[in-house]
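Q: All chains, please: the whole structure from these sequences, using the hints.
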Amino acid sequence: MENTVDTIIGVNVTLKGNLYNKGSIQVNGNIEGEVKSDENILVGTNASIKGPVIAKVIEVSGEIRGLVEASEKLEITPTGKIYGDINAKILIIKEGATFVGKSLMPANGADIKVPDHISEKPEEKTEPKDKENAADKMGFFTKK
Amino acid sequence: MYYYIFDLKKCRKRSQIEDIKNYLSLLGIGGEYTFTSTAYNASDLAGQGLSKGYNTIVGIGGDDVANKISTRLCGSQAAMGLIPIDASNDLQQLICVNSWKEGADNLRFRKIEEIKIGKTANGGAFLTQIQFNLSAPIEITIEFKDFLVQAKVKNLMVSNFNNQIKKIGDDFLDIVFESVRPTESAILSRISSVFSKSKAENEESLSLFRARSLRLFTNTQIPLHDSEGNVVGKTPQLIESSDENLRLIIGKMKAN
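Protein chains in written order, with our numbering: chain G, 1 to 144; chain Z, 145 to 400.
Don't read these hints as lab results, they were simulated from the structure. A virtual CB, placed ideally from N, CA and C, is assigned to each residue, including glycine. Be careful, since some hints might not be right.
Heads up, simulated SDA-like pairs for lysine to any residue below, C-alpha to C-alpha not over 25 Å straight-line [to be verified]:
| no. | chain 1 | residue 1 | chain 2 | residue 2 |
| --- | --- | --- | --- | --- |
| 1 | G | K16 | Z | T285 |
| 2 | G | K73 | G | E32 |
| 3 | G | K22 | Z | D290 |
| 4 | Z | K245 | Z | D234 |
| 5 | G | K16 | Z | M145 |
| 6 | G | K50 | Z | E287 |
| 7 | G | K50 | G | A107 |
| 8 | Z | K196 | Z | R391 |
| 9 | G | K16 | Z | E287 |
| 10 | G | K16 | Z | F288 |
| 11 | G | K16 | Z | D234 |
| 12 | G | K16 | Z | I366 |
| 13 | G | K22 | G | T98 |
| 14 | Z | K289 | G | T14 |
| 15 | G | K16 | Z | K289 |
| 16 | G | K16 | G | N46 |
| 17 | Z | K396 | Z | S169 |
| 18 | Z | K157 | Z | S169 |
| 19 | Z | K396 | Z | K157 |
| 20 | G | K22 | Z | G268 |
| 21 | Z | K298 | Z | R356 |
| 22 | G | K50 | Z | Q294 |
| 23 | G | K16 | Z | P380 |
| 24 | G | K16 | Z | R391 |
| 25 | G | K81 | G | N30 |
| 26 | G | K50 | Z | E384 |
| 27 | Z | K255 | Z | N242 |
To list a few chain Z residues with every Cβ distance to chain G over 12 Å, as calculated [stated by the list, open to error]:
| no. | residue |
| --- | --- |
| 28 | G174 |
| 29 | T285 |
| 30 | V297 |
| 31 | E348 |
A: This is how it looks when you write it as structure tokens:
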């Protein structure tokens with residue numbers, strides 16, 4: 001998964017509501033609501049999400065309680081936990097991972113059909129673009 | 145056609161002021177020279193320049209004078225120039241100059257870029273960023289359009305332009321903060337600082353959001369500072385990207 005992300009939710013940060021991002025999202029904190037990205041979502045080991053998670057590629061090292069839908073690839077790492085249904089074109093579950101729910105995979109690589117109960121794309125809140133930026137580069141708060 | 149505003153807090157020496165005036169005359173871009181005072185700040189003077197019909201208003205000083213002039217010029221057809229003296233690195237990067245002479249040279253080339261500025265509900269403005277000088281961690285709630293974020297933070301910044309953060313769009317502000325880890329009590333924090341924290345651990349404490357507007361609430365009222373440490377407002381505060389553009393004169397070598 002790419003290291004570049006457009007939105008980062010840090011450790012011990014709580015987000016309530018629906019987060020939609022055209023670019024990638026990295027979650028290390030807690031989210032109560034829907035998380036949706038046109039690119040990748042990385043759920044860190046300390047992260048916890050209660051709500052649907054939808055993206056092209058999703059890597060789960062933390063905990064998700066809700067539907068997980070990856071139009072390309074879903075990977076659950078050894079520390080990852082998913083309590084809910086998953087829907088993915090490519091599914092990788094590593095040894096030690098937890099998955100409690102139903103799994104749906106499209107036949108012959110067909111596109112994933114979005115379930116009706118998932119809300120339409122919310123109005124854009126944070127915007128993307130390709131970037132090599134941000135919080136992964138330390139030093140924002142360095143006093144000059 | 146040029147209206148110059150000297151920030152006397154930055155231009156303290158008469159010789160420096162004369163040097164700048166002489167250089168501007170040499171370039172053929174002399175004009176009306178004004179000076180900030182207790183009666184008239186840079187924003188007031190910029191207003192006077194606009195009412196006199198000047199189409200280029202130039203601040204000579206740092207971030208404070210630039211921010212104050214930008215509040216008046218944002219949305220107008222007049223262009224804003226800057227001859228930096230003791231300006232922050234970010235402001236100098238924004239206009240792509242390293243010295244006051246380069247700033248003066250840019251005025252002659254008059255390459256204009258239309259940018260958004262950051263604004264606060266109390267009428268403050270910032271071209272680069274707002275910082276919060278936190279002596280101790282505070283609890284914050286940030287309300288965005290579709291969600292809200294709660295955290296206990298030890299560093300917080302709202303940026304319109306920061307050289308370390310690649311912007312994703314002109315009208316987006318970048319909100320960056322460093323949260324406190326759950327176990328990080330004051331004593332534990334001091335003890336743990338004996339051992340250097342891993343880079344990964346530090347990175348996990350950082351958060352980044354992009355938005356056009358946000359409402360910031362804190363458990364205790366704190367001041368908002370510009371890059372020079374001047375107070376531009378207090379919490380709770382609405383901070384947003386301006387609807388209108390500022391016509392800013394930038395360095396001719398600035399990459400688009």
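Q: Decide, hint by hint, whether the structure agrees.
A: Hints, verified against the model:
| no. | hint | in the structure |
| --- | --- | --- |
| 1 | G:K16 x Z:T285 | 11 Å, holds |
| 2 | G:K73 x G:E32 | 23 Å, holds |
| 3 | G:K22 x Z:D290 | 15 Å, holds |
| 4 | Z:K245 x Z:D234 | 18 Å, holds |
| 5 | G:K16 x Z:M145 | 52 Å, violated |
| 6 | G:K50 x Z:E287 | 19 Å, holds |
| 7 | G:K50 x G:A107 | 28 Å, violated |
| 8 | Z:K196 x Z:R391 | 18 Å, holds |
| 9 | G:K16 x Z:E287 | 10 Å, holds |
| 10 | G:K16 x Z:F288 | 10 Å, holds |
| 11 | G:K16 x Z:D234 | 33 Å, violated |
| 12 | G:K16 x Z:I366 | 24 Å, holds |
| 13 | G:K22 x G:T98 | 28 Å, violated |
| 14 | Z:K289 x G:T14 | 16 Å, holds |
| 15 | G:K16 x Z:K289 | 11 Å, holds |
| 16 | G:K16 x G:N46 | 17 Å, holds |
| 17 | Z:K396 x Z:S169 | 20 Å, holds |
| 18 | Z:K157 x Z:S169 | 19 Å, holds |
| 19 | Z:K396 x Z:K157 | 29 Å, violated |
| 20 | G:K22 x Z:G268 | 31 Å, violated |
| 21 | Z:K298 x Z:R356 | 23 Å, holds |
| 22 | G:K50 x Z:Q294 | 16 Å, holds |
| 23 | G:K16 x Z:P380 | 19 Å, holds |
| 24 | G:K16 x Z:R391 | 38 Å, violated |
| 25 | G:K81 x G:N30 | 14 Å, holds |
| 26 | G:K50 x Z:E384 | 29 Å, violated |
| 27 | Z:K255 x Z:N242 | 16 Å, holds |
| 28 | G174 | 34 Å, holds |
| 29 | T285 | 10 Å, violated |
| 30 | V297 | 9 Å, violated |
| 31 | E348 | 5 Å, violated |
Consistency with the previously given hints fails for numbers 5, 7, 11, 13, 19, 20, 24, 26, 29, 30 and 31, ordered from lowest to highest.
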